[in-house]
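The residues making up each chain are set out below.
Number of protein chains: 2
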Amino acid sequence: MLTKAIEWLGDRVKILDQTQLPREEVYLELSHYQDIASAIIAMKIRGAPAIGIAGAYGVALGALKIESVARDEFLDKLRVITQNLAATRPTAKNLFWAIDRMQQVAQTGKDVGQIKKALVAEAVKIHAEEAEATRRLSQLGAELIRDGSTILTHCNTGPLATAGYGTALGVIIRAQAQGKRIKVLATETRPLLQGARLTAWELKKASVPFTLITDSMAGYFMERGEVDYVIVGADRIAQNGDTANKIGTYSLAVLARENDVPFYVAAPTTTIDLSLASGDKILIEQRSPAEVTHIQEVSLAPEGTQAANPAFDVTPHRYITAIITERGIVKEPYIDSLEAILLTTN
Amino acid sequence: MLTKAIEWLGDRVKILDQTQLPREEVYLELSHYQDIASAIIAMKIRGAPAIGIAGAYGVALGALKIESVARDEFLDKLRVITQNLAATRPTAKNLFWAIDRMQQVAQTGKDVGQIKKALVAEAVKIHAEEAEATRRLSQLGAELIRDGSTILTHCNTGPLATAGYGTALGVIIRAQAQGKRIKVLATETRPLLQGARLTAWELKKASVPFTLITDSMAGYFMERGEVDYVIVGADRIAQNGDTANKIGTYSLAVLARENDVPFYVAAPTTTIDLSLASGDKILIEQRSPAEVTHIQEVSLAPEGTQAANPAFDVTPHRYITAIITERGIVKEPYIDSLEAILLTTN
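Listed in order, the protein sequences are those of chains A and B.
Per this note's numbering: the first sequence = residues -11 to 334.
Per this note's numbering: the second sequence = residues -11 to 334.
If you are wondering where the hints come from, they were derived from the structure by calculation, not from laboratory data.
Where hints are given, some of them may not hold.
Identical copies carry no separate label here, and so any pair may be met within one copy or between two of them.
Stated by the list, open to error - With a straight-line Cα cutoff of 25 Å, these simulated DMTMM-like cross-link-like pairs (lysine to aspartate or glutamate) come out:
| # | residue 1 | residue 2 |
| --- | --- | --- |
| 1 | LYS113 | ASP64 |
| 2 | LYS193 | GLU291 |
| 3 | LYS65 | GLU110 |
| 4 | LYS171 | GLU291 |
| 5 | LYS53 | ASP(-1) |
| 6 | LYS269 | GLU211 |
| 7 | LYS319 | GLU246 |
| 8 | LYS269 | GLU214 |
| 9 | LYS269 | ASP216 |
| 10 | LYS171 | GLU279 |
My request is simple: use the sequences and hints to build the entire structure.
Next up, the structure:
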C-alpha cells in the first residue's frame, strides 16, 4: 500500500505534510494554488516528481478559481498563476515540464469552461503517468540489483517524493519485492534530514532493513567494501547526463567511483532537460542559512554564524554508471542515449 | 588570548565543558581521575592532543588519591587507574602516549611521595610540551598558506581540542595572524557538530571570517574551485602515513584529490604511531547510535531506527599532500619521513 503523498479530491488537493514526518502524519487539504505554492516552498511537498505533479494540480486549482469568462482574460490570469508556481523552486525540471504541459493544454481549449475541465483532466493524467513511470523505472532498475546487496541511498526518493512508486527508493523496494535480500544504508541528508525523517519512515513501512548514517559516513562504508550500489534520484538531468540532485550527491558519486561502486541515477524522463547542454547551466537553489544553523528550532552554532545552503549539487556524467528511466536504462554516451530515449514512444 | 580548555590547579583540573558550547561557557573542576575519565567519554574534553593532556592529569590526580605508601601496592593501584583512563576512547594515539609516559615516570620513582610529585610534574610538562608543539606546528603550517586563501576544515582542532594553540585551526589562525587574508569553510561535523558548535565559536573568537556548511557541501565548493586547501587534524597516524581522523575526513581527502586541492594533516608528533604499519590496524571507536538519531535530545528519525556511528575513518596516505608537525612538514614516502622526524631531536 503506497503512501498517498498527493491526492486529487475533485476541487482540492490532499497532501501529506512532509515537514511533520516522522513525528506525525498530518494531511492538509489545499483549495488555492497559493497554498500549493507555499507548500512547495516550505517543502511540505518535495521531491522532483512530486513537485511536478503538485505544480500541475496547482495550475488546475488556480484555473478553477478564475472568475473571468473571457478566454484572453482567463489565459492572462492563468499565466500569473503559472509564473507564481514556477517561482517556487528553481532546480527540479519536473515542475517546469508539468507547468508547460498545463499551459499548452490551456492554449488549445476553445472556451474557459472547456479549458478548466481540460486542465483538471490533464493534471490527473500527469499524476497517473508519472506514477506509472516510477512504477516502470523501479521495475527496470530492480533488475540491476543482485540478491544480498547493500545499497546506499541519499535524500528521499520514495512514494513521498514522487506521489507514485519512487525512483531510487522505488528500485530498492521493488528489488526486495522480487525476493532479493536487500540492506540499505540511508544517509540522513543534512540540512533538512530527508533521509533520517522520510527515507527511514518509508523503509520502515516497506519492511526493508536499513541503517541510518550521517552523510559523512558514506565514504567509510564504501572504502570498507560494504556498499554494492549507490542509487540516487535526480532533480534535473542535462543533455550530456550531468545530474543535479540533493546536495551531497556529487560527493557520493566521487566516492563511488574511487571505490568501484556502481553509481545509478533513477528518474522519470520528465527530469531530463535537453535544453541545457551541461550541468553548469543548471540553476542551483540557495536556501535559508537557518536550515544549516538550526535543526527543528534548536540552534546549533554561535549566534550570528554565517552559513551557506546550496540545496543541490551537480554530478558530472562521467561518474554515473547508468540512468534508470521508465523507458529504459541509459549509459554513456549520454549525449546520444538521453535524446534517443526521449524520442522513443512508450 | 587562548581559551584554557584544561588547566591544572595544583590538586584538581579545571576544564571547559565542551558539550555546553556554544550556548554556555561552563567550567568544571575535577578532583578525581574517574571524573576525568567520564569527561573524556562524554566528550566534555575532546580532541586527540587535549585527551592526551587530560589523560596525563588524570593519572596525576589518581596518584594523589592513592593512600598506599608501599611502592608496589601504589604501582598496582596506579595500573588500574591508567587502565581505566586508557579505556575511555580507543582511537587517539595521544592518550596512550601520555599514559605510557606517565607510567614510565612512575616506574623510575624511588618512593610513593617522590612518584606522586614526579607524576604531577610530568603531567604539567606534557601539557606545556604539547601546547608548545601546537604553537610550532601552527607556525610551520601557516607558511604553506597563500594570502587570500579559502581553507576548508573539518571537526574542531583549535585551542579547545589541544589545550594549546590548535592543529589545523592553529595553522589557520596563525596564517591570519601573519597578515594573510583567510576565509574558512567550516564543516558542521555530524553527528556531534564540533564544527558548528566549537570551530564556529573559536573562529568567531579569533575574528577569522568563516562560513558554516554541512559535511555534504564540501564537494560542491571544491568542485567549483572555491577551496584552496583542506586542513584537518588527526587522531592517529600509522607508520605509512595513513591517518585516522573524525568521520568524514576520508571523503574530504578523496574530494580534494579529485579537485586538485592540497590536503594537509596537522598534528603533533605524539599522534604518530610507528607501531602500526598501516591504517587498517587502527581501532575505530564506534559510538552510540543515539548521537546519529538525535540532536541535543531532539529525535530526528522514526522510533526504533538503527544507526551506525563510527567516530573516525582512515585516510590512506596517498591522499595526503603533507603532514604538518612541530618538527617539520613531512611528505611521501611517509614510511621513511615519519620515522626520520621522530628520530630528530627538538
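### Task
Go through the numbered hints given earlier and state which of them the structure violates, listing their numbers in rising order.
none
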